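Student: Under mature numbering (1 follows the signal peptide of the UniProt record, and there is no 0), read the sequence shown as residues -30 to -1, 1 to 694, first letter to last.
If you're looking for bench data, these hints aren't it; they were derived computationally from the structure.
Keep in mind that this is a model prediction, so the values were computed, not measured.
One thing to keep in mind: the hints can contain errors.
Just the calculated beta-carbon pair ranges, DEER-fashion [unchecked claim]:
(1) ALA277 with HIS646: 38 to 46 Å
(2) PRO93 with SER341: 33 to 41 Å
(3) PRO416 with ALA(-1): 26 to 34 Å
(4) SER434 with PRO673: 39 to 47 Å
(5) ASP104 with ASP137: 42 to 50 Å
(6) GLY601 with ASP182: 51 to 59 Å
(7) GLN409 with THR348: 55 to 63 Å
(8) PRO113 with GLY685: 24 to 32 Å
(9) ASP137 with GLU661: 55 to 63 Å
Straight-line alpha carbon distances no greater than 25 Å define the calculated BS3-like cross-link-like pairs of lysine-lysine that follow [as the list claims (entries may be wrong)]:
(10) LYS655 with LYS347
(11) LYS9 with LYS359
(12) LYS619 with LYS655
(13) LYS655 with LYS628
(14) LYS359 with LYS347
(15) LYS628 with LYS641
(16) LYS149 with LYS108
(17) LYS347 with LYS284
(18) LYS284 with LYS9
(19) LYS655 with LYS641
(20) LYS347 with LYS628
Quick reminder that beta carbons are idealized off the backbone N, C-alpha and C, glycines included.
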Amino acid sequence: MAGRGRGRSEDRNAGLALLFLVLAPAVVRAFDYNEAMSKTLLFFEAQRSGPLSAGSDRVPWRGSSGLSDGSLAGVDLTGGYYDAGDNVKFGFAMAFSMTLLSWSVVEYGSPHSSPSRGHTPTPNALNAVRWGTDWFLKAYQGPTTLYAQVGDGNSDHACWERPETMDTPRTVYKIDQNKPGSDYAGEAAAALAAASIAFKNSDPSYSATLLDNAKQLFQFADQYRAKYSDSIPEVQNFYNSFSGYNDELLWAAAWLHRATGDATYLKYVDTNAQSLNGLGSISEFSWDNKLAGAQILIARQVLHCGADSSQNLKQMRQMAEQYVCAYVNGGVTSTPDGLAWVRQWAPLQYSNNAAFAAAVYSDYLAEAGQSLTCGGKTFTPDQIMTWSKSQVDYVLGKNNAGRSLMVGFGNNYPTRMHHRGASLPVTETPYSCGEGYAQFYNTQNPDPNLITGAIAGGPAQDGSYADDRSRYEQSEPIMYINAGFMGAVSRVARGSAGSDSTPSPTQSPSSTDSPTQSPTTPAPTQGSSTDSPTPSPTTPAPTTPAPTQSSPTTTSPTSAPTDSPTGSPSKTSSPAQDNSNPPPSTSSPTPSPSNPTPSTSSPTPSTSSPTPSTTSSPPSTSNPPSSGSGGNFVVTSTEDSSWNSDGGKVTLYTVTIKNVSGRTFDNVAVKCDNFHPDQYWNLLKGGADGECAVPTWMSTFAPGAMLTFGYIQGGSGAQFSVNL
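Using the sequences and the hints given, assemble the complete structure.
Tutor: Quick look at the structure:
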């Protein structure tokens, strides 16, 4: 199980890696996207935990496992999913995977079906979602208790055993009002809310149960504020919440608004957009940071409501477009053969999620009759879809090596996956912890069990791929890699942007995905663009934001994660330092030390009120028009948060450069004095002090165009100006 923020140390001395180097361009061929969809879903069945009926499952080498999960705490936590190539159930990663998979079902279902368009999705897709959401209904003991993990990550990683025969501790971990986790509870709320839409037509009773639990989880997440990885330090080497909980609160509220039609949730996003850092830009969408996803959901609302939307919601749409622009206009680093490449750890997570998000946004634009403008360049919805398709095709084999990165798809695919179940043969006598490593991990033999549909972590930045179990950052399959891909490939299978987007008989003329609201229900203040039945007048309002008591981490430590037979955890790799690879910090409040100590005191609950109130804005300075720009640009700098590190003050800054003239400018230059950041994103830094440049996708500033970038720096802040 690889992923940024996850400590792993499985033995790297596994013999000579079979490294596939970049070869001549592959022959272009058409792909069977329906086959890819079916196999993508089959991987989820290989990850199932709990009771599996013999002969009824489509993965014959898997059996029942984890049948006593939860017994140590006196609860039933059987079922759910193992997240990757290990035998731990990590709730945070599972929840995000279910949110993504549900989103895919909501938007597209199968190539010609989706609940948001009045159709029924494929049974296998709904079964995959239900296997996860059933577990969350067990894990949520309500109103303020949610189980987060089953299995000890360190002892599990010390062994190489099949889940059916594992003998490592099945320790359970939870969050509650004394040790809360707004990020995890918020993500679980988002997952159940999104899934409630997916099941709305086929199982209304189950949908209602999911939605009711989602509402309660959101209240828990919002009322008791803390990072779950502060409350459960055991997760910090695996799924540490680097970005904090702000993004999950916005993400969950956006999904709840779409699922319920209750304007209170949209009001929550609007009121808290600034205090929860929802107005910043970012170029990653991942298990840790969902800000871009939340912004795209809100952009859908703005596209439907237009001028009636608030300024905050309109700016969130602008940030959603900056995210999409970063990918479709070449602002993100790519491999030589065209894969958007953000980070070495499971790089396909970022490209798959971007392909899915961009495809979804292309449909939102098509339905609104609009296009995307990146600087001075315009992209039609179909052009955005062309980019998304290129990322899907890369995974399926359209790359310089002619190699599919999905197991069982095509004739040239990975055969040595970093996956315990796939690499260990099914035998009557189980292999011990150490025997598994000695006989099956440290070998170049192909996997005895074909884990069909599993997508590898992805290639190195140069496009090479190591078909080697010990190269887990490339060879480990993870649920959220497949979940994002499922959305992207489902959309590609439908054809051009906006296909099958005609409102169904259950849709209102305003392009909502829900029955028309009852006349007795107050209409949403920002208009309606939801997938909900009529909102209940008794729906409890989200609470107002509580003052942040903890200090979420914004940057990753610097050493590479490992997963050794000793189980010794290590810290994780830091994000790349360029404009295309921002750290997941634009949605988090104050960063914490790299080894935070959970607070022993109970967080102060926030005060409930019918309507969320606006919190105070962070201090900002608006400079006069930049002297070198002839008064055409204004630069605004905001100190978002500060903390102590190594005895000195470190500050997170957000800077906005806006064209306030009525003219369009090309080749805008940025001068940056006293700029020596620890981290920075959405800006290019030159080799000499004072030399900076805007990203390539913002090389042209139309009237009113705005670039937002961020950086983390000790001491005083930098000074920025624009030269024309």
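Student: If a hint holds in the structure, say so; if it does not, say that too.
Tutor: Here's how the hints hold up against the structure:
1. ALA277 with HIS646: 38 to 46 Å: 43 Å, holds
2. PRO93 with SER341: 33 to 41 Å: 37 Å, holds
3. PRO416 with ALA(-1): 26 to 34 Å: 28 Å, holds
4. SER434 with PRO673: 39 to 47 Å: 44 Å, holds
5. ASP104 with ASP137: 42 to 50 Å: 26 Å, violated
6. GLY601 with ASP182: 51 to 59 Å: 55 Å, holds
7. GLN409 with THR348: 55 to 63 Å: Since GLN409 and THR348 have Cβ atoms about 58 Å apart, the given range 55 to 63 Å holds.
8. PRO113 with GLY685: 24 to 32 Å: The hinted range 24 to 32 Å is violated for PRO113 and GLY685, with Cβ atoms some 45 Å apart.
9. ASP137 with GLU661: 55 to 63 Å: Because 58 Å falls inside the window, the suggested range holds.
10. LYS655 with LYS347: 23 Å, holds
11. LYS9 with LYS359: Answer holds: LYS9 to LYS359 is near 18 Å, not above 25 Å.
12. LYS619 with LYS655: Roughly 22 Å separates the two Cα atoms, so the pair holds.
13. LYS655 with LYS628: At roughly 19 Å apart (the allowed maximum being 25 Å), LYS628 and LYS655 satisfy the hint.
14. LYS359 with LYS347: 20 Å, holds
15. LYS628 with LYS641: Holds, at roughly 15 Å.
16. LYS149 with LYS108: 19 Å, holds
17. LYS347 with LYS284: Given pair LYS347, LYS284 holds - Cα atoms ~20 Å apart, limit 25 Å.
18. LYS284 with LYS9: Since the Cα atoms of LYS284 and LYS9 sit roughly 38 Å apart, the hinted pair is violated (cutoff 25 Å).
19. LYS655 with LYS641: The hint holds at about 10 Å.
20. LYS347 with LYS628: 17 Å, holds
The structure does not agree with the numbered hints 5, 8 and 18 stated previously, though it agrees with the rest.
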